[in-house]
Every structure is written in C-alpha cells, then in structure tokens.
Amino acid sequence: GAVVSQHPSRVICKSGTSVKIECRSLDFQATTMFWYRQFPKQSLMLMATSNEGSKATYEQGVEKDKFLINHASLTLSTLTVTSAHPEDSSFYICSASESGPSYEQYFGPGTRLTVT
Amino acid sequence: AQSVTQLDSQVPVFEEAPVELRCNYSSSVSVYLFWYVQYPNQGLQLLLKYLSGSTLVKGINGFEAEFNKSQTSFHLRKPSVHISDTAEYFCAVTGRDNDMRFGAGTRLTVKP
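Just so you know, the protein sequences line up as chains B and C, in that order. Under my numbering, the residue at position 28 of the first sequence is numbered 28, and the numbers go up by one with no gaps. If you want my numbering, it's the position in the second sequence, counting the first as 1, plus 1000.
It is worth saying that the hints were derived from the structure and are not from the lab. Backbone N, C-alpha and C fix where the C-beta goes; we use that ideal spot for every residue, glycine too. Don't take each hint at face value.
Claimed, not checked - With a straight-line Cα cutoff of 20 angstroms, these simulated EDC-like cross-link-like pairs (lysine to aspartate or glutamate) come out:
{"#": "1", "chain 1": "B", "residue 1": "41", "chain 2": "C", "residue 2": "1008"}
{"#": "2", "chain 1": "B", "residue 1": "64", "chain 2": "B", "residue 2": "87"}
{"#": "3", "chain 1": "B", "residue 1": "55", "chain 2": "C", "residue 2": "1099"}
{"#": "4", "chain 1": "B", "residue 1": "55", "chain 2": "C", "residue 2": "1097"}
{"#": "5", "chain 1": "B", "residue 1": "41", "chain 2": "C", "residue 2": "1088"}
{"#": "6", "chain 1": "C", "residue 1": "1049", "chain 2": "C", "residue 2": "1020"}
{"#": "7", "chain 1": "C", "residue 1": "1049", "chain 2": "B", "residue 2": "104"}
{"#": "8", "chain 1": "C", "residue 1": "1058", "chain 2": "B", "residue 2": "104"}
{"#": "9", "chain 1": "B", "residue 1": "64", "chain 2": "C", "residue 2": "1099"}
Said to hold, decoys possible - Facing chain B, according to a computed beta carbon distance under 7 angstroms, are these residues of chain C, among others:
{"#": "10", "residue": "1042"}
{"#": "11", "residue": "1043"}
{"#": "12", "residue": "1044"}
{"#": "13", "residue": "1100"}
{"#": "14", "residue": "1102"}
{"#": "15", "residue": "1104"}
{"#": "16", "residue": "1105"}
Bound conformation, chain C alone (with noise of 0.2 angstroms):
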C-alpha cells in the first residue's frame, strides 16, 4: 500500500518570498501524486497531479511540483507567494486501485 509524509507541519513564510513543501511517498507499484489546498471549513481544491510524462507539473494560483522517483518525492513549490496562500496543504498519493492516502498536511502561514 502507498503512503505520504509531509515533513513540515508548518511553514511560515513572508509575503512574496518562495516557499517549498515537502512531500515523500512510499510504493511498490506505479503512483499517482496529487497537491490539494484546503481553506478554512472547507472541502479541498486541487492544485496540481502527476499521473504520467512530465515530471514538472504547473499548477493552479502560480504553484507547480516536481515529480522525482529516485527520490520518492514531490514537493510543491511557489515563487512569491502571497497572503492568500495562507492555508492547510494535503499531498495525496493513489495507486491503480484509487485508493487515496493523504499527508497529515502542512500548515503554510504567509506573513506580511
């Protein structure tokens, strides 16, 4: 079975600067890697995945990730991130028989 490890449960980060979000995953067959962000009382929204090909993947809102299988990673990444980054941030892996499993998540907090 698949797993996630976010490394970092909280980023905090000032406006405008760059910020990376570490994501390693563990599996034995072929995987599918997902970025989700999650406000405040609400449901996820998908960033950004990697099914197949290019192992850089752009994103929604200026994020993109990595895909690096020597290194069972896929962390996110951002430029100049802005206040409105601030929130919970879920690296998810599945596998062939869409069963999901998610990271305990990283707390990004961008200050001003």
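Chain B on its own, in the form it takes in the complex (with noise of 0.2 angstroms):
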C-alpha cells in the first residue's frame, strides 16, 4: 500500500518552454502534497506543501510564478515549471500524506529534468 507515482520519470525540454510533472498517490487519498527539488549529491529541498483545493505553501526563495502547483484532487498533484531555464534541471521529488496523525510521507520515484 501507500505507492506514490510520478510521470514522466525523465523529461527533456528546451529552454523556454513549460513542462509539467504528475504526481499520483495510486491507493490511498493524499490530503497534502509536498513538492521537493534534489541537486546532485545534495539533499531534498522542500518546494511547496499543498492540501487539496488550496493553494499551494510555498518555501521561502521559490518563485510561485515559476513552479505552479496544482492539487486538483486527493490524489493528483501536478507541478509546471514554466519557462524553464538550463538551471531548473534538477531531480523533482513528490510526496503524499494520509489525513490524520501518521506523520509519514510516501516519496514518488521521481522525474529527472533537463533543460537544454
């Protein structure tokens, strides 16, 4: 139980453009959401938490404008970066919590941008 999913694994865009990255808790309903960004041989940095039909909380030095966030639904999650830059290439993590006091978060497997 508790399988996050996150689509695409790997993605390659041309800087400029906006791509956007799912993020999918397949067997259990995700009351929040947490978007996290992974530099190589570094650790997570959270981006934004995000509950369902709200809007997203982001961390401080994240641009909104840039990374929108998007939790339509208790179970999907979608991250746009938007006009990306060779700079947003990075390692995006998603995770997923269950209402109530579990404290645990269930980690996607990632998508690797690449910004050319």
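Combine both chains into one complex, guided by the hints.
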C-alpha cells in the first residue's frame, strides 16, 4: 500500500518552454502533497506544500509564478515549471501524506528534468 | 522549527562489517524521526521510523535505530552490511505540522 507515482520519470525540454510533472497517490487519498527538489549529491529541499483544494504554500526563495502547483484532487498534484531555464534542471520528487497523525510521507520515484 | 544534522557525509565500510550512520536533531517540540534510503536516480524508500513507544526501532533490510532523547540522536545501525546496501541515506525529522526536514545525507559505500 501507500504507493506514489510520478510521470514522467525523465523529461528533456528546451529553454523557454514549460513542463508539467504529475504526482499521483495510487491507493490512498492524499490530503497533503509535497514537492521537493534535489541537486546532484545534495539533500532534498522542500519547495512547497499543497493541500487538496487550496493554494500551495511555498518555501522562502521558491518562485510561485515559476513553479505552479495544482492539487485538484485527493490523488493528483501537478508541478508545472514555466519558462524553464537550464538552471531549473534537477531531480524533482513529490511525496504525499494521508489525513490523520501518521506524520509519514510516501515518496514518488522522482522526475529528472533536463533543460537544454 | 526542527532540523537534522548527519555527521558523516561519507562512510566507507567493508562487506559484512557493522555500520553506524549518525543523526542528531534539534527541536523544541515533539519530533517524529525517519531514515530513508535512496538508490541512484530513484525516490526515497522508508527504512524505519520513530513516532512513539519503544526507543529501539527495527526496520527493513536488517537496519535498526535508537531514539535517544537526552542526546537528541537517532543513529542508524546494521550489524553486517552487504554490497547492496551501498546507497545514500537520509535522516529526517517532522513535527505535528508534518513539515519534514532532511539531513544532508550520508553516502554509504560497502566494499568487497
């Protein structure tokens, strides 16, 4: 149980274009979803937290107009990187948590974004 | 806010030897602690977690960790490692706000 999927697993896009990454909870309802960014050989940095039906809460320094997050249902959240630049190339990982005090997040397999 | 420090960025060890990966946390409130493993180009896999109860927590793949409140530590241990344990290990802490913070990671390399 508690499986989270991400699509696509890898994406290459040209500078200036936008790319959408999907995060789905497959066998549970995710009241909260999280988006992280990971640079090579570094830890995960939280970008934003989203609750279903609400606007996402962004961490300090994360541009909300560049990284658009939508959490339209209890099983789906999307991250859209708008007007991507090479410096946006990174590994993006989402996670999801259920309602209630489990305090555990279930992580997706990650999406490798390369902007050329 | 809570934070986590992983004291060793790299830990090389020979196969079948014991290993300890160190993690210290700081928080002014109740904490919930986790260890995750990450293989190259993959997401995070939960090894074990401490939410409450017994301070010795057993996880998957033969790993265990001990929550030590007085020393604010949650070190990960395995009595005998395998080549397949080579990976990046992350300690994480969260509180009642579910705001999870990760340590910088420890690269465990198991040599034959």
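Hint check results:
1. At roughly 14 angstroms between alpha-carbon atoms, residue 41 of chain B and residue 1008 of chain C fall within 20 angstroms of each other, so this suggested pair holds.
2. Using a Cα cut-off of 20 angstroms, the hinted pair residue 64 of chain B and residue 87 of chain B holds, with the two alpha carbons roughly 16 angstroms apart.
3. Only pairs whose Cα atoms come within 20 angstroms are accepted, and residue 55 of chain B paired with residue 1099 of chain C is accepted, the gap being roughly 17 angstroms.
4. With a CA separation close to 17 angstroms, the supplied pair residue 55 of chain B and residue 1097 of chain C stays within the 20 angstroms bound.
5. The hinted pair formed by residue 41 of chain B and residue 1088 of chain C meets the criterion: a straight-line CA distance of about 9 angstroms does not exceed 20 angstroms.
6. At roughly 16 angstroms between alpha-carbon atoms, residue 1049 of chain C and residue 1020 of chain C fall within 20 angstroms of each other, so this suggested pair holds.
7. Simply put, residue 1049 of chain C and residue 104 of chain B have alpha-carbon atoms about 8 angstroms apart, close enough for the 20 angstroms limit, and the pair holds.
8. Between the alpha carbons of residue 1058 of chain C and residue 104 of chain B the distance comes to roughly 16 angstroms, so the proposed pair stays at or under 20 angstroms and holds.
9. Distance check on the hinted pair: residue 64 of chain B and residue 1099 of chain C sit about 19 angstroms apart at the alpha-carbon level, within 20 angstroms; holds.
10. At about 6 angstroms, the closest approach between the beta carbon of residue 1042 of chain C and any beta carbon in chain B falls short of 7 angstroms, and the interface hint on this residue holds.
11. Evaluation of the residue 1043 of chain C hint against chain B yields a held restraint, the C-beta minimum of about 4 angstroms falling below 7 angstroms.
12. For the restraint placing residue 1044 of chain C at the interface with chain B, the shortest Cβ-Cβ distance is roughly 4 angstroms, inside the 7 angstroms limit, so the hint holds.
13. Interface restraint check for residue 1100 of chain C: the shortest CB-CB distance to chain B comes to about 6 angstroms, inside 7 angstroms, so the restraint holds.
14. At a threshold of 7 angstroms, the smallest CB-CB gap from residue 1102 of chain C to chain B is about 5 angstroms, leaving the interface hint in force.
15. Because the smallest distance between the Cβ of residue 1104 of chain C and any Cβ of chain B comes to about 5 angstroms, under 7 angstroms, the interface hint for this residue holds.
16. Taking 7 angstroms as the C-beta cut-off, the interface hint given for residue 1105 of chain C holds, the closest approach to chain B being about 5 angstroms.
When the structure is compared with the earlier hints, no violation turns up for any of them.
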